Structure formats: C-alpha cells, structure tokens
Amino acid sequence: MRVLMQNRSSVFRMVAGDSVQMNKTREALRQLGIEVEIKTQPTSDFSGYDLVHLFNIIPIEETYQFYQRAKKYGIPIVLSPIYWDPKEFLINITNERKDHFLTWWGKTNALRQEILDGVDLLLPNGLVELELLQKEYKLMTPARLIPNGVDPLFYYANPDKFIRRFGTKDFVLCVGRICRRKNQLALIKAARSLNQQVVLIGPINDYQYYQECRQEGEGQVRFLGGLTQGWVASAYAACSVHVLPSWYETPGLVNLEAGLAGCKVVTTDRGTAREYLGEMAWYCSPDPISVRDALRKALYSPPLPGLREHILANYTWDRVARLTLAAYQEVLR
Numbered sequence: 001m002r003v004l005m006q007n008r009s010s011v012f013r014m015v016a017g018d019s020v021q022m023n024k025t026r027e028a029l030r031q032l033g034i035e036v037e038i039k040t041q042p043t044s045d046f047s048g049y050d051l052v053h054l055f056n057i058i059p060i061e062e063t064y065q066f067y068q069r070a071k072k073y074g075i076p077i078v079l080s081p082i083y084w085d086p087k088e089f090l091i092n093i094t095n096e097r098k099d100h101f102l103t104w105w106g107k108t109n110a111l112r113q114e115i116l117d118g119v120d121l122l123l124p125n126g127l128v129e130l131e132l133l134q135k136e137y138k139l140m141t142p143a144r145l146i147p148n149g150v151d152p153l154f155y156y157a158n159p160d161k162f163i164r165r166f167g168t169k170d171f172v173l174c175v176g177r178i179c180r181r182k183n184q185l186a187l188i189k190a191a192r193s194l195n196q197q198v199v200l201i202g203p204i205n206d207y208q209y210y211q212e213c214r215q216e217g218e219g220q221v222r223f224l225g226g227l228t229q230g231w232v233a234s235a236y237a238a239c240s241v242h243v244l245p246s247w248y249e250t251p252g253l254v255n256l257e258a259g260l261a262g263c264k265v266v267t268t269d270r271g272t273a274r275e276y277l278g279e280m281a282w283y284c285s286p287d288p289i290s291v292r293d294a295l296r297k298a299l300y301s302p303p304l305p306g307l308r309e310h311i312l313a314n315y316t317w318d319r320v321a322r323l324t325l326a327a328y329q330e331v332l333r
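What the sequence shown shows, in full-length UniProt numbering, is residues 1 to 333, in sequence order.
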C-alpha cells in the first residue's frame, strides 16, 4: 500500500500538533510496512498512490486544493479534521485582527463543508470532536475514531539533566507555541497570584503576545524557546505540574507527554482532553481565575493515580498507526 499524506505548506516551518500527528503517524505506519510520502504542495500525479490522507481543516485553503485534485483524480480520500470550533477564541482575543479572522472563518466554512461531505472516511481524534462536526456540519460521512499519540520515551523521563542544566525544579511548566490560543498569559497571571515560578518551552509564534507575557511575568517566568524531545522529557520530570490552559485542544499532545512523564496535569476543558485523561487531571476554563483555582488544587494535591499507565496502554503512536491502517483498509475494500 502506498499512501500520500498532505498538509499545509508551513507544516515543517511552523511545527504544531498537526505536524507531529502527521509525522509520527507516518513513521509508525512505515514500521508496519506501509509506504508513506508527504507532500505539502498540490500534486497532479496520483498514479503511484492507493489513497490520500489529508490533515487539518482549520487552515482550509490549501487543504481544499489538495482535496480538489484528489477528487478530480478519483483516488480514495481520508481526512483527519483536527477540528474544534474556534469562534469562542476568536471572539475573546484582544487583537486588532479579530474581525478579520471572524470574517475569514465565515467565508471559508463552505469549503470545510464540501470536504467533510466529499471524503470517503473521517478520522477524528475523539468522540467529542466527531459529535461537534456532526452537529455543526450535519454530516453523513462515515467516521472511525483515531486517537492522538505519544512517544513511549516520555515514560522514562528523568529530571536530572534539566535540573543540572537550568538549575531549577518544582516549577510550573507549559510546553507549547507562545501564542494567544495556548493562553500562556492567563497561566502567568494565575501563577503570579500563587507566587509560583513558570517555565515556558516552545517557539514564539506571536511576538506581540510574547512581549505581553514577558511584561506580565517579569522576574517569575523563564522562556527557554524550543527544545529537543529529550530536554522536554527531562523538564516534565523536573516540574511540579504541567499546565496547558488553551482556548481549545484536541487533546493537546503535550498533555499526553506530560502525563506519561509522571506530571500532574492541568489542562483546558475546551476540546477533547477530558476524553483522553478522564478524572486523572485537573481542568480549567481559559480565564485566569479558573486557571489559578485548578493550578492551586493540583499543586496541593497528591498525583492522581493511573494516568501514566492509561496513556501508555492507549495512546502510543504504534497503536495509532494500527488503527489508521485498519481505516485505510476499510476504505480500500
């Protein structure tokens, strides 16, 4: 079987959850003997492929081009939507481009509808995501749930390397791109009110927002930029709690990494995180008061049992690949 994966042209330059999901799924499928190629530009030659796997319908324009080409050729198409309705986030961000984004979302929704109706199989990352798609787009397209995954190496995370290099431990950690959707500013405000040191790991996607976070967190926040997987794993093991207070996540790959590394996890109640983590994490809404309350509970509570074992049993990339391959086979039959 030969599979073509397609995603936005910036997928390798601006690495995000969809980048990791696509790459890790490809790597694990190759371990199962499946030939997988990634192309981030439209192609007119599908003759060597049995199936096209599209990713991400939030930035829709490029995905729509991929879809049109594959549809014209008549090749089977599966779609990982990686979807959550961003309108709450877009309405609440204090940004001069808010009206532009809301207008863009309304204008491009017809493209999402066409793709969702036209592909052969949907591969949502969670039941809540699927139910939201069915509600908002009145779907008739069949779907098979494919969870997101995590590298088992995080299970063996050791704090010593991070502590020796950066000279700190028992801090509040957030791993993720520095941007408004990840909502680090709310975390900084919450942690300041509890007199907690914050460490942020991740690239800067929004420089203005980064400056706001720096100003708010002066003296209590360390920005370490993007780090390799080994350093991030050690940071998880060294911190007291990992917090991801985003406006939405599906479910937030760093939630799985942190939980597998043995962290106490605080995360957003918007999206599919609760579906993955159950009652083994603490949840907050995106406002700073809710983040503060959840952070306080996590800091002064013992770890909730069972999270590492639950993640290792259900959300490795190997299992994701096996479920994905079964979905491919279903379409090709």
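Warning: the hint list may mix true and false statements.
Straight-line Cα separation of at most 20 Å, EDC-like style, residue types lysine to aspartate or glutamate; simulated pairs [stated by the list, open to error]:
1. LYS297 - ASP269
2. LYS189 - ASP206
3. LYS189 - ASP151
4. LYS135 - ASP85
5. LYS107 - ASP120
6. LYS72 - GLU61
7. LYS39 - GLU27
8. LYS138 - ASP120
9. LYS135 - ASP151
10. LYS297 - GLU279
11. LYS297 - GLU218
12. LYS107 - ASP85
13. LYS107 - ASP151
14. LYS72 - GLU62
15. LYS87 - ASP120
16. LYS72 - GLU27
17. LYS169 - GLU218
Think of the hints as simulated: they come from the structure by calculation, not from any bench.
As the structure is a computational prediction, the values presented were derived from the model and not from experiment.
Hint check:
no.: 1; hint: LYS297 - ASP269; verdict: holds (15 Å)
no.: 2; hint: LYS189 - ASP206; verdict: holds (18 Å)
no.: 3; hint: LYS189 - ASP151; verdict: violated (31 Å)
no.: 4; hint: LYS135 - ASP85; verdict: holds (11 Å)
no.: 5; hint: LYS107 - ASP120; verdict: violated (24 Å)
no.: 6; hint: LYS72 - GLU61; verdict: holds (17 Å)
no.: 7; hint: LYS39 - GLU27; verdict: holds (15 Å)
no.: 8; hint: LYS138 - ASP120; verdict: holds (16 Å)
no.: 9; hint: LYS135 - ASP151; verdict: violated (33 Å)
no.: 10; hint: LYS297 - GLU279; verdict: holds (13 Å)
no.: 11; hint: LYS297 - GLU218; verdict: violated (24 Å)
no.: 12; hint: LYS107 - ASP85; verdict: holds (14 Å)
no.: 13; hint: LYS107 - ASP151; verdict: violated (38 Å)
no.: 14; hint: LYS72 - GLU62; verdict: holds (16 Å)
no.: 15; hint: LYS87 - ASP120; verdict: violated (27 Å)
no.: 16; hint: LYS72 - GLU27; verdict: violated (28 Å)
no.: 17; hint: LYS169 - GLU218; verdict: holds (19 Å)
Consistency with the previously given hints fails for numbers 3, 5, 9, 11, 13, 15, 16, ordered from lowest to highest.
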